[in-house]
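Asker: One-letter residues, chain by chain:
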Amino acid sequence: MDVRYDVAVIGTGPAGLSAAITLKIRNKNILLLGSKTGSSKVEKAHEIHNYLGLPAVTGEKLSGQFMEHLKQMEIPITEENITSVYAMGDYFALTTKTNRMYEASAVILGTGVNFGKPYQGEEQFLGSGVSYCATCDAPLYKGKTVAIIGDSPKEEAEAEFLAEIAGKVYYIPTYKGTINIKNNIQVVWDIPVGVQGEYQVEKLILKKQELEVDGVFILREAVSPASLVPGIKMDGNHVEVNRKMETNLKGCFACGDITGTPYQYIKAAGEGNVAAISAVEYLSKLN
Amino acid sequence: MVKKITGKEFEDTVKTGVSVVDFSAGWCGPCNMLAPVLEEVSQDLTDINFYNVDVDTETQLAVRFGISNIPALLIMKDGEKKEIQVGFQPKESLIEAFKKYID
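Chains as they are written, first to last, in numbering that gives the first Met the number 0: chain R, 0 to 286; chain V, 0 to 102.
Please note: incorrect hints may appear among the correct ones.
[Stated by the list, open to error] Stretches of chain V that chain R covers, calculated by requiring three or more beta carbons in the stretch to come under 8 Å of a beta carbon on chain R:
no.: 1; region: 35 to 41
no.: 2; region: 65 to 75
no.: 3; region: 86 to 100
[Unchecked claim] Here are the simulated DSSO-like cross-link-like pairs (lysine-lysine), alpha carbons at most 30 Å apart as the crow flies:
no.: 4; chain 1: V; residue 1: K80; chain 2: R; residue 2: K284
no.: 5; chain 1: R; residue 1: K232; chain 2: V; residue 2: K98
no.: 6; chain 1: V; residue 1: K7; chain 2: R; residue 2: K284
no.: 7; chain 1: R; residue 1: K141; chain 2: V; residue 2: K81
no.: 8; chain 1: V; residue 1: K99; chain 2: R; residue 2: K202
no.: 9; chain 1: R; residue 1: K249; chain 2: V; residue 2: K7
no.: 10; chain 1: V; residue 1: K7; chain 2: R; residue 2: K141
no.: 11; chain 1: R; residue 1: K249; chain 2: V; residue 2: K99
no.: 12; chain 1: R; residue 1: K232; chain 2: V; residue 2: K80
Since the hints were derived computationally from the structure, they do not count as laboratory data.
In this text, a Cβ means the ideal position worked out from N, Cα and C, and glycines have one as well.
Can you build the whole structure from these sequences, using the hints too?
Answerer: Okay, structure coming up:
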């Protein structure tokens, strides 16, 4: 960990990119995290009719324009999968899937709404047998029976890691394809419904069967904002913000689809701009 | 200050007053992030005693309180379990969670 960035912007859709551009104009040291190709959602959009200045633009074209804008302003994108954002007081610590850590004085969330709906009982048992982090909690399941719900082949490595510690491991892939798993892991092709138990997780309910387990690890590609940023205040499925795009956590701002409907590109870009300016204001008071 | 205790010391330590016991381990990332924040909170809330328990060495104590995810903060009042809060939380949320036991 060498530098503390002024602002970490998470998300490379219109909201995050717009925030990054404004921050760059304001001469801030930024870390833009996301995908080097921007947002696949924008790229796949057929045609957009209400983006100012670009009538009837295809998603592919718009996305290309976004990337070109970034290139011109010399804003690099760092491809990292952020697993947690910790509010440490006067700064934020961001941890990645590869166990790297970044520090930033302020954070702008523009991660969109591509996280799935939680399973039945998932939130209720979070911390009582439901976990999102295999590397964090695995040692607590030494010799026990656990189930892992994996949303992508990347999670197979996590399953193998857990299998080294746990007594029995079930792996339930929610994607199609060949599973490359060694060890004593039982792959179960079924659809997860929910978790049940009295005080602790006792069962994972699947469409066709029930598994008796001590713990359930739910490993998703995108996590909900509440599990990404512990302590953040939600409004239903969205992050609660005010007109300045401030969340309940000082120095943490949100913009774009994550703050709620309407899910419009130009609204997201506008909110990114507001979030960036609010972050600049916050930084000036910090020093 | 957050004081490290063992399972043997536990009963006597939490017998009186309000105690917050942080169950954690060195290999757990969120635990390491929570530690400095909890330390700050302990300096603000001096009416509460703060302790740390290593789940690797004090497994029995962790099992007794059904700790299955860490970091877990066990709140005790006069030797009685009040609640367990799981996961990292920012300073303000921690203070809010603990304060109600000393008011």
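Asker: Please go over all the hints and tell whether each is borne out by the structure.
Answerer: A quick look at each hint next to the structure:
no., hint, verdict
1, 35 to 41, "holds (count 3)"
2, 65 to 75, "holds (count 6)"
3, 86 to 100, "holds (count 7)"
4, V:K80 with R:K284, "violated, 41 Å"
5, R:K232 with V:K98, "holds, 19 Å"
6, V:K7 with R:K284, "violated, 48 Å"
7, R:K141 with V:K81, "holds, 27 Å"
8, V:K99 with R:K202, "violated, 34 Å"
9, R:K249 with V:K7, "violated, 40 Å"
10, V:K7 with R:K141, "holds, 23 Å"
11, R:K249 with V:K99, "holds, 23 Å"
12, R:K232 with V:K80, "holds, 27 Å"
Checked against the numbered hints given earlier, the structure breaks hints 4, 6, 8, 9 and satisfies all the rest.
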